[in-house]
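> Now for the letters of each chain:
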Amino acid sequence: MMKAKAADFILYDQATGTYRVDPEQAVRDDVEKHHWLHVGRTLAKDWRLYLMLVPMVLVFLLWRYLPMYELLGCFKVGDQVLTVNQQAFAGFSNFKLLLTGGNNPAMSVEFWRAMRNTFLLSFYGLCFGFPMPIILALFFNEVKSNAARSVMQVLTYLPKFMSTVVMTSLVIMLVKQGSSVQGVGSEMGGVISQALAGLGLISKQTAKAGLLNDPAFFRTIYQVSGIWESAGYDSIVFFAAIIAISPTSYEAAQIDGANKWAQMRYVVLPSILSTVVIMLITRIGHLLMVGYEKVILLYNVNTYQTADVVSTFSYRYGMENNRTGLASAAEMMNNVVGMMLVIGANTIAKKASNTSLY
Amino acid sequence: MKRKLEISELIFKIISYTLLTVFALCCLYPFVYAISSAISGVSAVENSEVFLWPLAGKTGIQFEAFGEMFGNNMFWNSYSNTLFLTLYGTLWSMLTAILGAYALSKKRLLFRKSFNFFLVFTMWFSAGIVPQYLNYIATSKAFEAVGITDDKWLVVIAMGMAAMNIILLRNAFEGVPSEIEEAAIVDGATEMQVLTKVYIPMSKSTIATVSLLFAISRWNGYFWARQMIDNSNEHPLQVFLRNQLEQYTDSEYIAGWNRNYAPDSVIYALVVCSVIPILIIYPFIQKYFAKGVNVGGVKE
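Residue numbers (the numbering used here), protein chains in the order written: chain A, 354 to 711; chain B, 11 to 310.
Among these hints, one or two may not hold up.
[Unchecked claim] Result set (SDA-like, lysine to any residue): computed pairs, CA atoms no more than 25 Å apart in a straight line:
#	chain 1	residue 1	chain 2	residue 2
1	B	Lys117	A	Leu411
2	B	Lys207	B	Ser242
3	B	Lys117	A	Gly393
4	A	Lys561	A	Ala548
5	A	Lys647	A	Lys497
6	A	Lys647	B	Lys151
7	B	Lys207	B	Val186
8	B	Lys214	B	Ile226
9	B	Lys117	A	Leu414
10	A	Lys497	A	Lys613
11	B	Lys23	A	Val507
12	A	Lys513	B	Lys151
13	B	Lys123	A	Thr559
14	A	Lys703	B	Arg236
15	A	Lys497	A	Met617
16	A	Lys561	B	Lys207
17	A	Lys497	A	Ala605
18	A	Lys557	A	Lys703
19	A	Lys703	A	Asn612
20	A	Lys513	B	Phe127
21	B	Lys151	A	Asp609
22	A	Lys647	B	Phe41
23	A	Lys513	B	Val42
24	B	Lys123	A	Trp416
25	A	Lys513	A	Gly644
26	A	Lys703	B	Phe127
27	A	Lys497	B	Leu29
28	A	Lys647	B	Tyr292
29	A	Lys647	A	Gly393
In short, the hints are calculated from the structure, not lab data. The structure displayed is predicted, hence computed values, not measured ones.
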């Protein structure tokens, strides 16, 4: 909090040549003196404004915050029929069961696997998915012809507007297994698997068995399809930051003898750094919110080994097997870690570069 | 004055053009492949001969895969359900978002910081899939108790709100000069008139962007519609598409297939049908996105 200076609330009126107290400061003083009275008066005066907030607040309360209350079911014996309040208290037993196994060690193994997969999918997304839009934006900046750039941008944004179902359907079809039915369906598998087999990157058997049935390929498919889907669209923000750089900065650098690499390093990167930091914090904030929809649509029993994430784990236990307490406990741990990550990232960014998102 | 390109700049330019072209073509390829496969002859699809262009195979180019879709009542049903969800869902989301964002954009709003935090917090922390599910079940019971038995209304009203979109709108409203608002108030405008006659016309491009973001997320919605809508006649297009995908790749279902088109062609035809509306409006909307999406300003 900055300390208020006299100049902040005493204004010089040029027209009359006199000093007067800033009217806003007078209001502030007034607020301090009669706080709650003021609150009441303002509410009454601006009741229309507060009425406008009601639908939004209701939607968020009922369908965003109430579920957070239901999340407390992680301390209860879960049940889909009884509400959280009616369920019996179970203390930390759900957590204990997940973390150590208790009488069902297989489930604990499954949970740790899901935790590990969540981290890895997010981490690889951060390593490969995050730099891609920045690189694309740098490339877009090189294309000086507006027509050519527009065409490229239109094409690269396009996949973002497709639904997860369309995207996963295409992925499934492009790398699907060869048909086992005699005479019906391709025996060789999807067109991408064939191309990869043709290039010698994977064996013919693997292509025929279907890449989505092989745990070794799930993460790659997930990341590649993620880049395909959103790298173009995500580059908009960075591209906007790059074209905002004044041409004089480049000219100055060129006169000083900077080559392309030096221009990148000393002109472009510092200029887009704050945007990059903000996007990075956002990204880290969503690090553990792996898109469960995409995973549910892409994974199958054969690939649980690498594909099962915490959300899908709790989907199977909570929604399909009615063990909601257990599922909530899993999500609770996931979400708390995720939130600590976003707060941590935000704090570090604030300290390091004076840029923060929240 | 035209400066000569340095060698490093030239190299970078060449790399940029090449990689961008390759990436853009990669983005387009699956759609071209889907269209080609949807209309290729059955033998061309089954023998994996189609790579880019539609091939006739032994029986020639066919449109019967599309015909099978168009002849399916469930397809038209799901299409109209999706239109319903998109139309009403977008209207409802926009109504709540515009009203809320307008109030939040006012400096004189009390507890403004708290309200903003209330929004932003949902971007950090979500309850997760199972508590959300239990919540929707409870909501659906409550809706039934007041006489709304159609699950589609549950999807419309309870789902699809996004804090980010409200923040985009709020930022746009904050950019409207307060002098114009004051002038309107001096002329006797009410709060509602200020919103509809001053703020909304002055932030058209953001409003267009945000309604499109809402509309697209509604059009594309799958998971919760699948979980919450029991009646298969009320399923939206995405759920139908997924069910068909599962059906036509099921080896039992396609055993003894003896038609003029491959089972895969039906899936591709359906994919094409479900993306066509987006492809049609896409050229008109994409110019807004570069302008309207200003992400830098979540901070309060």
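> To test your reading of the hints: which numbers does this structure violate?
2, 5, 6, 12, 13, 14, 16, 18, 19, 20, 21 and 29
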